[in-house]
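Visitor: So the protein lines, in turn, are chains A and B.
The first sequence runs 1 to 424 under the UniProt record's numbering.
The second sequence runs 1 to 167 under the UniProt record's numbering.
What the hints contain is simulated information worked out from the structure, not anything from laboratory work.
A virtual CB, placed ideally from N, CA and C, is assigned to each residue, including glycine.
Warning: the hint list may mix true and false statements.
[To be verified] Examples of chain B residues toward chain A, derived with CB under 10 Å:
#, residue
1, 4
2, 14
3, 23
4, 60
5, 94
6, 127
7, 140
8, 152
[As the list claims (entries may be wrong)] If you want the ones that stay clear, here's a sample from chain A, every Cβ over 10 Å from chain B, calculated:
#, residue
9, 32
10, 46
11, 150
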Amino acid sequence: MSEEVSNITPREPGNVMGPQVGNLALKNGVPTVSEDGRELTTLNLGPTHPATHGIFQNILQMDGEKIVSGTPTIGYIHRAFEKIAERRPLYQITTLTDRMNYCSSPINNMGWHMTVEKLLGIEVPKRAQYIRVIMMELARIADHLICNSILGVDSGAFTGFLYVMQKREEIYEIYEEMCGARLTTNMGRFGGMERDLSNEAIRKTREFIRTFPAVMQEFEKMLNRNRIFIDRTVGVGPVSQEMALQYGFTGPNLRAAGIDYDMRVMSPYSSYEDFDFDIPVGYTGDTYDRYMVRNGEIWESFKIVQQALENLPEGPFHADAPEFYLPPKQEVYRNMEALIYHFKIVMGEIPIPVGEVYHSVEGGNGELGFHLISDGGRSPYRLKMRRPCYIFYQAYPEMCKGVTLSDAIIILSSMNVIAGELDA
Amino acid sequence: MITNQEIADDLLAKFGEATIAGFEEHHGIMSAFVTVDSAKTIIRYLYDHPGFQFKFLTDLAGIHYPDNKGGELGVIYHLHSWTHNHRFMLRIFVPVEAPDVPTISDFHLCANWMEREAYDFFGINFVGHPNLLRILNIEEMDYFPMRKEYPMEDATRQDKIDALFGR
């Protein structure tokens with residue numbers, strides 16, 4: 001047996017077709033041979049690959065099992081939100097923001113509402129701000145739970161995923177109490193919330209607060225010091241601080257590289273300055289650090305939810321902004337003014353004041369910004385959404401250089417690239 | 001902390017009124033209207049400036065003003081200094097017949113896809129960009145869909161007549 005193996009003559013290097021540029025033959029800027037002259041394999045990862053969660057295509061050049069270069073193709077679920085927004089009245093744009101990062105749509109909704117409130121100069125009551133914070137932090141927990149448990153699935157640990165899925169379900173039930181929807185929530189209105197935090201919602205949130213830590217501790221026990229998990233993730237896809245800044249990283253992926261930039265602390269919105277929480281940061285920005293930063297953020301968000309629920313102020317749950325806040329239905333049937341405003345809002349007949357505003361919130365994946373330019377019409381003149389996924393996904397080929405195919409999969413899932421936000 | 005006024009004074013002292021047409025402030029964020037040729041120099045200057053430290057490119061947006069003759073297409077650069085937590089915008093306008101803008105993707109790597117997006121939707125030609133191809137739309141598309149001359153909805157639809165709603 002061993003004699004046979006030793007009889008095989010090694011392949012001669014350097015015998016390849018194509019123009020030779022430096023040491024590598026290039027075709028459309030993509031290398032076709034490896035540095036020692038072996039021919040590379042082209043591999044289509046995606047668009048619909050079961051291990052990439054969403055529709056991502058990457059055309060990889062492989063040297064054996066090592067990735068030499070990758071070319072991402074995006075736009076498979078592009079829905080032209082920015083163009084559609086130029087035709088819609090403001091309240092109809094909320095439903096577009098749901099469909100960006102659908103793992104944490106309440107954050108997108110609130111970010112959009114706050115942008116419009118900033119433009120209109122609406123002061124939101126403290127109670128509404130606290131309810132928003134509760135919803136946003138629950139959404140962040142749901143978002144990070146999915147990302148981290150999927151990372152477990154991609155590295156071979158399925159159990160944790162189903163286990164924490166149950167907790168995400170409980171968060172979705174709280175959403176249901178608040179707005180009736182689960183995934184694309186359309187939660188909140190300009191000026192506050194559409195309804196107060198109900199007793200049932202408070203009960204469900206308390207129940208979540210009571211049961212969540214035990215589940216999360218077990219989940220962490222399963223993965224944090226797991227030998228297989230650590231072998232698969234430590235040192236895989238590291239991002240240095242310079243690289244993170246250059247590629248416009250924000251959110252947990254940036255903090256994993258060790259930069260403590262968080263919109264909630266840098267420019268607090270919606271009363272975040274009232275709460276006591278920390279910003280977890282990593283050291284090397286590798287897959288393990290991204291996982292640990294998200295885990296840490298889950299605990300911090302959990303702390304914020306607790307504090308907000310305990311100190312929930314009394315008072316109204318929406319501002320007095322009749323031109324933009326839909327009146328209650330009973331009023332519409334009995335009261336002339338309410339009927340007029342209801343009609344004008346629903347038909348989109350209220351012009352937006354001339355002006356321009358940029359507002360950003362800390363989304364599940366980083367700085368989610370809305371740049372709204374209004375020329376006084378009924379819909380925005382231009383709405384530019386800063387989608388964090390779109391900006392940091394361009395670093396993915398760089399992060400995949402030299403790793404194996406299986407590592408490329410877990411780098412992708414640890415970055416938490418959401419197709420809806422990527423393509424918008 | 002730095003203020004908008006400091007940045008404005010510094011830029012005017014350095015580049016003069018020939019390159020900076022004016023300033024505008026919206027909700028605390030100042031925008032400078034600059035000439036196309038100087039935009040890259042100014043962004044690089046703000047990037048290297050030891051006091052301001054505008055190292056982060058938050059966003060890059062294209063915009064179309066059909067009535068602004070000679071400068072129909074615009075680019076908005078949104079810079080952010082994390083050292084001072086201060087935002088600053090630069091705006092340039094180019095004619096739609098020759099929308100050539102120098103790329104900044106050589107020192108802001110994240111501008112690569114942002115510029116491709118602006119090209120894809122507005123047709124702004126970023127000179128020197130390494131890979132200026134359509135990114136979200138299909139490659140066969142032969143128009144730039146975010147320009148204002150393309151209506152959002154199908155023009156043949158009869159059920160949404162603007163006149164009925166006073167638009």
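Visitor: Work down the list of hints and note, for each, if the structure agrees.
Guide: Checked hints:
Here the hint on residue 4/B is broken, as its CB sits about 14 Å from the closest CB of chain A, past 10 Å. Taking 10 Å as the C-beta contact cut-off toward chain A, the hint placing residue 14/B at the interface is violated, the least distance being around 24 Å. The beta carbon of residue 23/B comes no nearer than 13 Å to any beta carbon in chain A, farther than 10 Å, and the hint placing it at the interface is violated. For residue 60/B, the interface hint holds, since its Cβ comes within 10 Å of a Cβ in chain A; the closest pair sits about 9 Å apart.
Hint status for residue 94/B relative to chain A: violated, with the closest Cβ pair at about 16 Å, above 10 Å. Given hint, residue 127/B at the interface with chain A, is violated; its Cβ is 18 Å from that chain's nearest Cβ, farther than 10 Å. Below 10 Å, beta-carbon pairs count as interface contacts, and residue 140/B has none with chain A, the closest being about 13 Å; its hint is therefore violated. For residue 152/B, the interface hint holds, since its Cβ comes within 10 Å of a Cβ in chain A; the closest pair sits about 4 Å apart.
The Cβ of residue 32/A sits about 18 Å from the closest Cβ of chain B, beyond the 10 Å cut-off, so the non-interface label holds. Non-interface call for residue 46/A relative to chain B: holds, since the shortest CB-CB distance, roughly 16 Å, exceeds 10 Å. Listed as outside the interface, residue 150/A is consistent with that label: its C-beta sits roughly 24 Å from the nearest C-beta of chain B, beyond the 10 Å cut-off.
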